[in-house]
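Chain by chain, the residues:
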Amino acid sequence: MTTTNNSRSLVVIQLAGANDPLNTVVPYTDGHYYDFRPNVGIPTDQVIPIDGRFAFNPNMAPIKALWDEGKVAVVNGIGYPNPNRSHFRSMDIWHTCEPEKVATEGWLGRVIRDLDPQGQNVITGVNFGRGLPRSMGAPGVPVASVGNLETYGLFPDVEEERIRGLCLDAFGKMYGGTIQDAVMDYLGQTGRDALKGADILRTAPENYSSTVEYADNPIAQALKNAAQVMTADLGTRIYYTQHGSFDTHGDEVKVHGGLWNQVSGAVSDFMADLEEHGRADDAIVLIWTEFGRRIRDNGSGTDHGSGGTAFIIGNQVNGGFYGEYPSLAERDQLDGDLHFNNDFRSTYSTIADRWLGLDPAPIVNGQFEQWDFIRN
Amino acid sequence: MTTAVAAGPVEYIKTIGLTTNQSGRGFTNPYDCAFAPDGRILILNRCDTVRASLVRIGMMNWEEDYLGEFSRGYGRADGQWILPVAIAMDDQGVVYVTDEQQHRITALDTDGNFVRQWGEKGSGPGQMNGPAGLAMNAGETLYVVEQGNNRVQRFSTSGESLGMWGESGDGPGQFNMPWGVGLDSAGNVYVADWRNDRIQKFTGDGQFIAAYGASGDGQLSRPSGVCVDSDGYMYVSDWGNERVQILDPDGGFIQSLRGQATLSKWAQDFMSVNPDERNTREMSNLVPELPPHLDTPYLISSQTEPYFWGPVSVRLDSEDRLFVVESNRHRIQVYQRRKG
Amino acid sequence: MSNADIALMAHLMRRAGFGASRDELEQRVARGYENVVEDLVNPGSPNAMPDDVIRRYHVDMAEMRELNSAGAYWIYRMVTTDNPLEEKMALFWHSLFATGYSKLNQARALMNQIDTFRRHSMGSFHTMLVELSKDPAMIIWLDNNDNHKDDINENYGRELLELFSMGIGNYTEDDVKECARAFTGWTLGNAEYMATRASRDSIWPYSRIAWHFQYRDHDHDDGEKTFLGHTGNFNGEDIIDIIVQQEATARFVSTRLFQFFAADEVDAAGEAVIEQMMETYFASNYEIRSVLRTLFNSDYFKSEAARFARVKGPVELVVGAVRLAGTYQEPTFGADQLARYTLYMGQGIFQPPSVEGWHEGSEWIDSGALVERVNFVGKELGDPGNPGVKALIDRMSAGVKRPLSAEEQVDACADLLGPMELSSATRTSLSEFAGEQGEADLRAGSRTEADDQRIANLLRLLTATREYQLA
Chain A
1 MTTTNNSRSL VVIQLAGAND PLNTVVPYTD GHYYDFRPNV GIPTDQVIPI
51 DGRFAFNPNM APIKALWDEG KVAVVNGIGY PNPNRSHFRS MDIWHTCEPE
101 KVATEGWLGR VIRDLDPQGQ NVITGVNFGR GLPRSMGAPG VPVASVGNLE
151 TYGLFPDVEE ERIRGLCLDA FGKMYGGTIQ DAVMDYLGQT GRDALKGADI
201 LRTAPENYSS TVEYADNPIA QALKNAAQVM TADLGTRIYY TQHGSFDTHG
251 DEVKVHGGLW NQVSGAVSDF MADLEEHGRA DDAIVLIWTE FGRRIRDNGS
301 GTDHGSGGTA FIIGNQVNGG FYGEYPSLAE RDQLDGDLHF NNDFRSTYST
351 IADRWLGLDP APIVNGQFEQ WDFIRN
Chain B
1 MTTAVAAGPV EYIKTIGLTT NQSGRGFTNP YDCAFAPDGR ILILNRCDTV
51 RASLVRIGMM NWEEDYLGEF SRGYGRADGQ WILPVAIAMD DQGVVYVTDE
101 QQHRITALDT DGNFVRQWGE KGSGPGQMNG PAGLAMNAGE TLYVVEQGNN
151 RVQRFSTSGE SLGMWGESGD GPGQFNMPWG VGLDSAGNVY VADWRNDRIQ
201 KFTGDGQFIA AYGASGDGQL SRPSGVCVDS DGYMYVSDWG NERVQILDPD
251 GGFIQSLRGQ ATLSKWAQDF MSVNPDERNT REMSNLVPEL PPHLDTPYLI
301 SSQTEPYFWG PVSVRLDSED RLFVVESNRH RIQVYQRRKG
Chain C
1 MSNADIALMA HLMRRAGFGA SRDELEQRVA RGYENVVEDL VNPGSPNAMP
51 DDVIRRYHVD MAEMRELNSA GAYWIYRMVT TDNPLEEKMA LFWHSLFATG
101 YSKLNQARAL MNQIDTFRRH SMGSFHTMLV ELSKDPAMII WLDNNDNHKD
151 DINENYGREL LELFSMGIGN YTEDDVKECA RAFTGWTLGN AEYMATRASR
201 DSIWPYSRIA WHFQYRDHDH DDGEKTFLGH TGNFNGEDII DIIVQQEATA
251 RFVSTRLFQF FAADEVDAAG EAVIEQMMET YFASNYEIRS VLRTLFNSDY
301 FKSEAARFAR VKGPVELVVG AVRLAGTYQE PTFGADQLAR YTLYMGQGIF
351 QPPSVEGWHE GSEWIDSGAL VERVNFVGKE LGDPGNPGVK ALIDRMSAGV
401 KRPLSAEEQV DACADLLGPM ELSSATRTSL SEFAGEQGEA DLRAGSRTEA
451 DDQRIANLLR LLTATREYQL A
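Chains as they are written, first to last, in our numbering: chain A, 1 to 376; chain B, 1 to 340; chain C, 1 to 471.
Mixed in with the good hints, there may be bad ones.
[Claimed, not checked] List time: in silico EDC-like cross-link candidates among lysine to aspartate or glutamate, alpha-carbon distance up to 20 Å:
1. Lys173/A - Asp411/C
2. Lys101/A - Asp146/C
3. Lys173/A - Glu432/C
4. Lys379/C - Asp359/A
5. Lys173/A - Glu407/C
6. Lys101/A - Glu162/C
7. Lys265/B - Glu277/B
8. Lys121/B - Asp415/C
9. Lys101/A - Glu159/C
10. Lys101/A - Asp143/C
11. Lys177/C - Asp146/C
12. Lys173/A - Glu436/C
13. Lys173/A - Glu421/C
14. Lys339/B - Glu167/B
15. Lys149/C - Asp82/C
16. Lys121/B - Glu160/B
17. Lys379/C - Glu324/A
18. Lys401/C - Asp415/C
If you're looking for bench data, these hints aren't it; they were derived computationally from the structure.
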């Protein structure tokens with residue numbers, strides 16, 4: 001285990017709806033690919049070759065540039081035993097590291113608790129989006145869910161600035177007093193935490209400036225917000241966001257390509273932004289999705305399958321392929337899908353241990369072999 | 001009165017369409033269809049706030065080839081839609097769409113170019129309240145059914161109001177949240193008077209001719225659409241009963257259809273690459289016997305895949321083929337009356 | 001009509017419903033407390049928003065494919081029903097028999113389950129358990145479609161005893177096995193196809209196909225079983241016959257009802273009420289209506305001790321705010337957001353964290369959830385254009401002779417929002433806020449939009465208090 005490094009942070013991007021691995025890292029010299037993908041295959045002359053066997057989707061040029069700098073680890077064939085092809089259920093498994101039963105505690109919730117056992121910083125974990133992703137949910141672990149950093153906090157729809165200020169003042173006073181009642185005291189503490197978290201986060205955009213111009217799409221804006229919080233040094237360690245929908249049963253070439261265009265651009269801009277602020281050695285990005293898709297297309301898109309691809313990106317990443325790219329040959333398929341060959345909890349364990357310096361076993365519910373995608 | 005042509009039975013031909021949660025091939029809550037002179041079938045996809053970005057018109061042909069799609073997207077800008085209801089096409093190939101949320105009609109060409117739009121919320125001439133059904137007469141006059149104003153308004157294709165009739169109520173010429181509208185070859189206007197459970201027939205300038213149907217068993221329940229074939233037979237999407245009723249030119253009952261959908265060509269594509277679903281489907285009885293508490297047409301249709309579910313519109317193509325658009329099943333069942 | 005009568009009726013309606021406007025409270029007080037309890041436990045026509053109008057406007061609620069569409073459809077009913085206890089009970093059963101969308105991918109089946117809960121909400125607990133065991137959503141949720149004559153799956157059999165009726169410690173592992181055997185063959189129509197579709201989240205080719213119960217005699221283990229000391233060739237209903245007779249079952253059901261309707265924590269006085277509820281349970285042949293009547297008419301429930309002794313759950317909070325604000329009375333654009341808000345606050349309808357249901361009481365509150373609660377309710381009640389808010393300000397303005405001072409504004413708002421009981425510190429802070437805003441002149445002729453907005457701002461802040469989080 002490496003020593004704990006308090007400046008290191010993890011940025012997690014969930015590709016919601018299940019990303020198609022075959023059209024992401026394309027086996028462009030494998031005849032099977034074109035046999036099984038007569039309608040949604042990407043022509044050889046359009047892909048971005050990586051080597052003699054694999055190529056990136058044509059919309060992933062910015063990721064390819066990072067790959068060429070050795071900053072991109074691609075984990076092929078990632079999954080878990082007895083794959084479930086239902087979005088919700090499979091996401092739950094990735095969120096909770098519990099494939100057998102419906103569990104409630106998220107792995108990142110446990111990470112946050114281990115990073116900040118006393119709960120001293122109410123924004124150790126920040127989600128950019130509404131609601132709480134199950135990955136981050138754990139009893140007693142505060143997480144801020146930020147829809148929009150500029151308007152985050154209490155009373156966002158009070159238009160008059162003076163009145164909003166009065167409301168916030170009054171709220172602080174009303175939640176400040178001690179009342180001889182356990183529930184009321186708990187409510188008071190929670191209200192003060194909420195106010196504090198919002199006050200701290202609101203300072204982030206004010207102090208931020210950058211030459212990087214992020215695109216006007218949700219994933220780019222979420223990563224911009226992440227960069228704002230990171231460069232403000234607020235003690236946030238875990239950043240979360242999601243983008244989609246990658247559920248490309250139809251119109252796959254257009255929809256899937258468009259989404260990767262946005263994700264690739266956003267990640268590349270984010271890395272450049274961190275570089276500009278001298279923070280690029282402090283963060284890695286994990287990109288995951290809940291399952292893969294059928295090998296054979298359905299005439300317009302692809303249906304739910306198994307065996308996916310994950311990405312880990314950053315200056316401190318050992319770039320390259322990890323895991324075996326599953327065979328497309330009919331005899332090697334799992335009910336028409338790619339066979340997974342490495343457990344997602346290996347990837348999680350590597351990040352928890354080698355990047356964040358935490359004991360991975362309790363976080364991922366077991367011992368899993370680790371990869372070498374983190375530089376020493 | 002139309003000369004009666006002997007009623008032959010209406011027969012099922014096939015099903016077209018497939019559900020999708022993406023753009024491209026497939027339907028997303030289809031709400032209406034129209035037929036271009038070159039054989040293209042245009043399908044209006046209404047969507048909802050959850051799937052708003054999928055609002056569009058898809059195009060296909062009778063052979064079920066997917067031919068693309070167009071729209072200006074979801075929203076309030078020119079030519080965009082929020083809650084589109086019905087579609088009609090003029091003889092210049094311009095497509096008109098009602099939007100009940102924005103109280104307006106938009107006109108696009110089939111490349112998706114914005115042509116014009118008109119309307120705002122209100123009850124004056126040229127204004128609208130909840131425009132729903134839409135029909136085109138002789139390629140130049142639009143009949144728009146306004147559910148909020150309980151009236152029918154006529155427009156030129158350039159958006160000029162040419163008159164209107166109707167008011168709230170349940171008497172002749174009165175309406176209660178009317179929905180669909182159809183025309184016969186003589187230019188008479190048939191309105192699905194939704195919450196009065198009847199079809200009303202008018203002359204082209206709004207003179208009341210007759211009303212068909214009533215609330216109750218074996219009658220109509222919340223009819224959503226009506227169309228009339230070249231012999232004067234009426235086809236009514238009996239939305240509340242999840243069926244289609246066929247009436248003779250005098251309104252006499254001919255036949256009731258409950259639906260008998262089969263796999264479309266696109267659906268067969270899906271089954272061919274998903275053998276686990278195909279195999280278990282083949283073991284199944286998709287017209288099952290249901291427990292007694294699942295006794296409404298809606299609940300029965302929710303359990304019985306071949307039956308109509310959400311038949312929101314009926315339209316006839318130039319060959320008098322009947323297209324029944326099912327919003328909840330994302331498909332169109334096609335029927336045809338055998339003549340003689 | 002005394003303030004105490006109003007306060008008591010407000011308490012009843014917060015618990016047995018989703019709160020009530022002052023007009024409604026006055027009407028109910030006039031009818032008398034025990035009569036109101038009878039009205040609530042014997043619901044008539046709900047007069048809720050009509051189904052046809054909802055389905056015409058909201059294609060998503062007609063198709064019932066998406067989770068949030070189903071949640072919003074139910075919220076519409078909670079917001080517009082004349083029978084609030086019926087919906088509150090359906091919510092109670094949903095919390096107790098917690099079934100989640102994540103494994104089902106079937107919103108219509110979940111709505112059908114809620115319809116079943118509503119239909120039997122206050123009837124016999126025996127009938128409820130039989131219907132629950134036949135509910136297709138429950139069958140898939142707890143794998144009873146995999147519970148075969150030659151290969152039992154204990155999941156449903158176990159949870160029926162542990163989480164749905166008696167509670168752990170009142171039966172043996174052998175009882176679990178025998179219980180599971182008795183429910184073999186209880187499955188759903190076209191089980192193999194439906195389970196495949198559920199496990200793949202398939203909407204193909206033509207959207208979801210809803211589910212119905214099917215009994216497969218050939219897959220039922222008809223052999224002899226011994227369950228809780230009784231022996232026979234038991235089928236599922238026979239097992240339920242035995243379950244409902246257990247004292248543990250009476251205690252379990254009574255305690256859960258007590259915690260849902262009376263107080264998060266059970267003290268000694270509460271324990272005595274639970275004993276009375278258990279007696280009623282047996283005396284009435286397991287009728288939930290009678291058990292509720294005992295609870296609502298108990299001195300404990302009516303006492304100060306039970307007042308504001310529960311943290312409002314997110315669904316209660318959202319529905320209560322919307323009912324009071326008078327919004328969403330007809331199909332409204334973007335209504336599916338209502339379901340999302342309850343999720344952001346920690347209670348996604350049809351998304352219990354597990355089969356054990358939600359962690360209630362103060363566990364409803366964390367900093368993220370509190371922000372969502374305050375912002376949602378504040379938006380509903382901070383808008384003087386909303387019909388219920390306008391009505392509330394109208395009522396406040398009736399007969400006023402002079403501009404209201406800060407303290408008068410606070411007291412009038414707190415009264416009409418509850419009556420709420422404010423700590424003196426809270427009242428002081430609110431008064432300071434009102435003082436900074438300036439006086440509100442609600443006299444006819446001088447009342448302006450600015451006055452209404454000031455009152456609405458104060459309502460917003462009152463709903464942001466700690467006190468408002470409690471029911």
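Each hint, compared with the structure:
1. Lys173/A - Asp411/C: holds (18 Å)
2. Lys101/A - Asp146/C: Given that 20 Å is the threshold and the Cα spacing comes to 15 Å, the pair holds.
3. Lys173/A - Glu432/C: holds (10 Å)
4. Lys379/C - Asp359/A: Given pair lysine 379/C, aspartate 359/A is violated - Cα atoms ~44 Å apart, limit 20 Å.
5. Lys173/A - Glu407/C: With Cα atoms ~17 Å apart, lysine 173/A and glutamate 407/C stay inside 20 Å; holds.
6. Lys101/A - Glu162/C: holds (16 Å)
7. Lys265/B - Glu277/B: Given pair lysine 265/B, glutamate 277/B holds - Cα atoms ~16 Å apart, limit 20 Å.
8. Lys121/B - Asp415/C: violated (39 Å)
9. Lys101/A - Glu159/C: holds (14 Å)
10. Lys101/A - Asp143/C: The hint holds at about 12 Å.
11. Lys177/C - Asp146/C: Measuring from Cα to Cα gives roughly 14 Å; hence the hint holds.
12. Lys173/A - Glu436/C: Holds, at roughly 15 Å.
13. Lys173/A - Glu421/C: Measuring from Cα to Cα gives roughly 17 Å; hence the hint holds.
14. Lys339/B - Glu167/B: The hint is violated at about 38 Å.
15. Lys149/C - Asp82/C: violated (46 Å)
16. Lys121/B - Glu160/B: holds (16 Å)
17. Lys379/C - Glu324/A: Distance of about 52 Å is beyond 20 Å: violated.
18. Lys401/C - Asp415/C: With a Cα-Cα distance of about 19 Å, the restraint between lysine 401/C and aspartate 415/C holds, given a limit of 20 Å.
Checked against the numbered hints given earlier, the structure breaks hints 4, 8, 14, 15 and 17 and satisfies all the rest.
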